[in-house]
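J.: Chains as they are written, first to last, in this note's numbering: chain A, 5 to 364; chain B, 5 to 364; chain C, 5 to 364.
Bear in mind the hints are in silico, worked out from the structure with no lab data behind them. Check the hints yourself; a few may be wrong.
No copy labels: a pair is met if it fits in one copy or bridges any two.
[Stated by the list, open to error] Under the rule of at most 30 Å between Cα atoms (straight-line distance), these lysine-lysine pairs were calculated in the DSS-like manner:
hint, residue 1, residue 2
1, Lys33, Lys58
2, Lys339, Lys319
3, Lys301, Lys319
4, Lys49, Lys301
5, Lys49, Lys72
6, Lys323, Lys58
7, Lys339, Lys157
8, Lys235, Lys27
9, Lys268, Lys319
10, Lys235, Lys301
11, Lys202, Lys268
12, Lys69, Lys33
13, Lys69, Lys27
14, Lys337, Lys319
15, Lys268, Lys33
16, Lys151, Lys27
17, Lys27, Lys202
18, Lys343, Lys27
19, Lys323, Lys301
20, Lys151, Lys94
21, Lys19, Lys151
22, Lys339, Lys323
23, Lys151, Lys105
24, Lys343, Lys357
25, Lys157, Lys94
26, Lys94, Lys27
27, Lys357, Lys323
28, Lys339, Lys357
29, Lys105, Lys72
30, Lys235, Lys105
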Amino acid sequence: MQFSATQIANLLGGKTEGNADAKVTGVAKIEEAVGGSLCFISNPKYEEYLYHTKASVVLVNNSLKLSKNVSCTLIRVPDAYASFASLLQKYNELIANQAPKGIEQPSFIAASAQIGNDVYIGAFCYIADDAVIEDGASIYPNSFVGKGARIGKNAKLFAGVKIYESCKVGQNVIIHAGTVVGCDGFGFAPQPDGSYQKIPQIGNVVIEDDVEIGANCAIDRATMGTTIIRKGAKLDNLIQIAHNVEVGQHTVIAAQSGIAGSTKIGRYCMVGGQAGIIGHIQIADHTNINAQSGVAKSVLEPHTVLNGTPAFDYKSVLKSQAIFRHLPEINNKVKDLEKTVALLTQQIATLTKAATNTNG
Amino acid sequence: MQFSATQIANLLGGKTEGNADAKVTGVAKIEEAVGGSLCFISNPKYEEYLYHTKASVVLVNNSLKLSKNVSCTLIRVPDAYASFASLLQKYNELIANQAPKGIEQPSFIAASAQIGNDVYIGAFCYIADDAVIEDGASIYPNSFVGKGARIGKNAKLFAGVKIYESCKVGQNVIIHAGTVVGCDGFGFAPQPDGSYQKIPQIGNVVIEDDVEIGANCAIDRATMGTTIIRKGAKLDNLIQIAHNVEVGQHTVIAAQSGIAGSTKIGRYCMVGGQAGIIGHIQIADHTNINAQSGVAKSVLEPHTVLNGTPAFDYKSVLKSQAIFRHLPEINNKVKDLEKTVALLTQQIATLTKAATNTNG
Amino acid sequence: MQFSATQIANLLGGKTEGNADAKVTGVAKIEEAVGGSLCFISNPKYEEYLYHTKASVVLVNNSLKLSKNVSCTLIRVPDAYASFASLLQKYNELIANQAPKGIEQPSFIAASAQIGNDVYIGAFCYIADDAVIEDGASIYPNSFVGKGARIGKNAKLFAGVKIYESCKVGQNVIIHAGTVVGCDGFGFAPQPDGSYQKIPQIGNVVIEDDVEIGANCAIDRATMGTTIIRKGAKLDNLIQIAHNVEVGQHTVIAAQSGIAGSTKIGRYCMVGGQAGIIGHIQIADHTNINAQSGVAKSVLEPHTVLNGTPAFDYKSVLKSQAIFRHLPEINNKVKDLEKTVALLTQQIATLTKAATNTNG
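Based on the provided sequences and hints, a complete structural model is requested.
T.: The following block contains the structure:
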């Protein structure tokens, strides 16, 4: 694809400055731009890049005053950031229009599976008995949709996603490559001889509408009942969701975090990367859990911010961590104090004795 | 599938109370039951659910005395929990009987591979030269079994599992989707120019009988020799097992934990989620390692319980962690003490001088 | 394959001692050797194994003096370790010569894809439109190479690797099974109603030459621009690399570590397992980050060694950690000091009063 500065300016209702015929073939950050790049500058601290960039076209705010000459074409708009976001949106729609459609061969689609209209099913996908693929869903190559599983309208499963039997994926859900949904929960009954017997995991996973899940995650099916990822939640890569967990609406979880069994996370929470939350607890709405924290008990108060392992109030943790660095000095101070106090004790004993003699 | 309350009661040797014709189509937790659900109540704290549940049939202990009316059908048995577990077991056997069998097409099976009786090999599976698939093994779609690898009797590999060349998977082993067995150990020899040269990883991985491994794990092949997961061990999702590690019999490891190279973990250990164990150490039998711990040296005493990073005795860690929260107060106390002691020192000097003068 | 002791001795320029016809069928560590094994002893602490081993042939240093009889055949060379490494190298070349070649069926190769000479494309691989597979590249079964992606000369993608659209993989790169390259960065714009809108991730990933990446990693494409893994870097399993990250040349990252968005890691760094680095910071060349550390700010000084969460100077952390274990004692000491000082204060007050009276 190739667009001229004029075409883009028209699209955005902006004005060109410089060569209106400059061509762009892709977008880039101003600091990484090459010939053919379209960039934007919104934050004034990036303005300096404008005078050296190899970008062909740069979106800038109407209010920007140039302090030097520029070699690229400018497009002036009221809000360069908003215009750029709107361009990306259009770009994405364009891409979506170019997205693959149809059923590629070879693929394996069970006779009892129901396949909607306007779907994409890539080569080497396996759609098992009684699975349902709703209208507009895209399933990239090498994916697996188990028996009786359902993939919602316009959902997108990237390459090699595996959805086990009976799991449900909502509308507009995006699941990145390699993620596994519906693997068995980790449930074993200890036996008298120290071995373990598997507890059948006969529940499922439900992923509600508008959820996005990153690559190579693992989301366990419930022992009984349902592991639920609620509407609009966003999960990053390599996340572990154990059996019977519930992740609330519009909660965001960063990469490599893990939620242990039966824990219920509220709505609008934010969980940092590599955090862990133990099982069988509740996390109130709007809780923020910092990266690498370990949450070991329920959070009852909304808007709590947690940090550390075991996690507690964020600001208190920061204070304790700051002092942790000075433990060696504090330890030395305590030792010095002990010596000094021992000496003082002795001196006072002497003084007291002397005073007693004097007064005696 | 659909069963009547009478059928289930007969199966369990129990007695129905209420509508003996009530039909069940699935099992659920009492708090999540819907019409058609079969549930059980064993713990009295769940009894209250019994009076509101939409479940069709509930297993209860013979000893239960109702305090209100119930609308569901009851099945009374001596031990509701045991009966339910036995039902799940039967359910699982039923499912196993319904499990897919045969070799689906298209699949890729090398001419020199040996395929046992009664196996399942899903579409898009790749079975390389000299691989052996023993009787009753199930390999779900999109899986890869490398050259000379062996999959034991009745083992089950879910979708997209990859077993590299020469690795051995024992009988009744279950491996969940996306897990990789036998990838190269992380071994590189530093070169004078700061670059690294790959050290060939020519060992393999052996997974003994009755092991279960979760989804999206990575188990490295040995540099030389064998990385071993011993009989009956259970590994959760997203676990890292490095080259030449040995995991002992009936040891249980929770999700996202990692074991570094050449470490030997004993039997009957429990490792919590997101824990890390460094390389080249030994962990005694029956060791418990808490979630998110970092174990940095060998554990020689069986039945040790560890916590923290670096991990040490669990109870001691709890005590230190409790005081960690109060570091700011302790720091202030030490500062106050220093001031007070400085003052006292001065006062004593004054007193001593005065006393000397008095006595002089 | 089978070699005689004589053949190996000739290959290495060594001398046999004992049965020159002894046959070897594989290599092993001396402590795990079985009949047919070839081993080496370099470190004298392993010498004792020599007298009991079942190995058929053992490489030893010319300088080794036997203290007992041995039943295996010895091959004496100037440096047993170097000879063994050179054998492994030859073994690897042999294996490489036996590596699969050609395009297996069924595979899916778009008409517009460019496929070089001497490649391996396994069954069930998907090569999308405009993808380029350079000469000598190997792509194992069930892998996915997206639209316009490029796989460099002699690169090796193991089973089930997924390379998203437009990503570039350099020459001689090795990527282990299940790894995902180019999944969307985790970027969402919060909306007034608390929901999130996806920010299009339109950049790509570039993996430079000679990089090795372990199994089941996730490497996000850039929001704009490029996520870069520089030449010669080595990444272990289950690693998370977020959007717009740069990993410097010859930097080594151990398993389960995660690097958050836009962070730039320098050259020749070492990052331990399960470490986390927050986003938008810089890590200087030759930085060492210990396992499980959490790095929360830029490292400007090369050769810094970091530990802990939040990470700081390694040696200081060790000191603080050592004292952390003694916090309960320190806390008690402070309490005792407070009591003692209170008592002393009282005694001094009494003395001072008495002295005043005496002198008054």
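J.: Since the copies are identical, ignore which copy is meant and state whether Lys235 and Lys301 lie within 30 Å (CA to CA) inside a copy, between copies, both or neither.
T.: The answer is within: 25 Å in one copy meets 30 Å, while 34 Å across copies does not.
J.: Regarding Lys33 and Lys58, is the shortest C-alpha distance of 30 Å or less found within a copy, between copies, in both, or in neither?
T.: within (11 Å within a copy, 57 Å between copies)
J.: Using 30 Å as the alpha-carbon threshold, which applies to Lys151 and Lys27: within, between, both, or neither?
T.: Answer is between: at 23 Å across copies they meet the 30 Å cutoff, but 50 Å inside does not.
J.: For Lys235 vs Lys27, is the C-alpha pair at or below 30 Å within one copy, between two copies, both, or neither?
T.: Classified as neither; 41 Å inside a copy, 32 Å across copies.
J.: At 30 Å max between alpha carbons, let me know whether Lys157 reaches Lys94 within a copy, between copies, both or neither.
T.: Intra 21 Å, inter 36 Å, cutoff 30 Å: intra-copy only.
J.: Using 30 Å as the alpha carbon limit, work out where Lys235 and Lys105 are close: within a copy, between copies, both or neither.
T.: within (26 Å within a copy, 37 Å between copies)
J.: Please sort Lys337 with Lys319 into within, between, both or neither, judging by C-alpha distance up to 30 Å.
T.: Both ways: Lys337 and Lys319 sit 25 Å apart in one copy and 20 Å across, limit 30 Å.
J.: Please sort Lys49 with Lys301 into within, between, both or neither, judging by C-alpha distance up to 30 Å.
T.: between (43 Å within a copy, 21 Å between copies)
J.: Which holds for Lys202 with Lys268 at a C-alpha limit of 30 Å: within a copy, between copies, both or neither?
T.: Both: 24 Å inside a chain and 25 Å across chains, each within 30 Å.
J.: For Lys339 and Lys357, with the copy left unspecified, which applies at a CA distance of at most 30 Å: within, between, both, or neither?
T.: both (27 Å within a copy, 27 Å between copies)
J.: One pair to classify: Lys105 and Lys72, alpha carbons no more than 30 Å apart. Within, between, both, or neither?
T.: Neither way: Lys105 and Lys72 sit 49 Å apart in one copy and 58 Å across, limit 30 Å.
J.: Between Lys301 and Lys319, at a C-alpha cutoff of 30 Å, which is it: within one copy, between copies, both, or neither?
T.: both (18 Å within a copy, 18 Å between copies)
Of the numbered hints stated above, those contradicted by the structure are hints 6, 7, 8, 18, 21, 27, 29, listed in ascending order.
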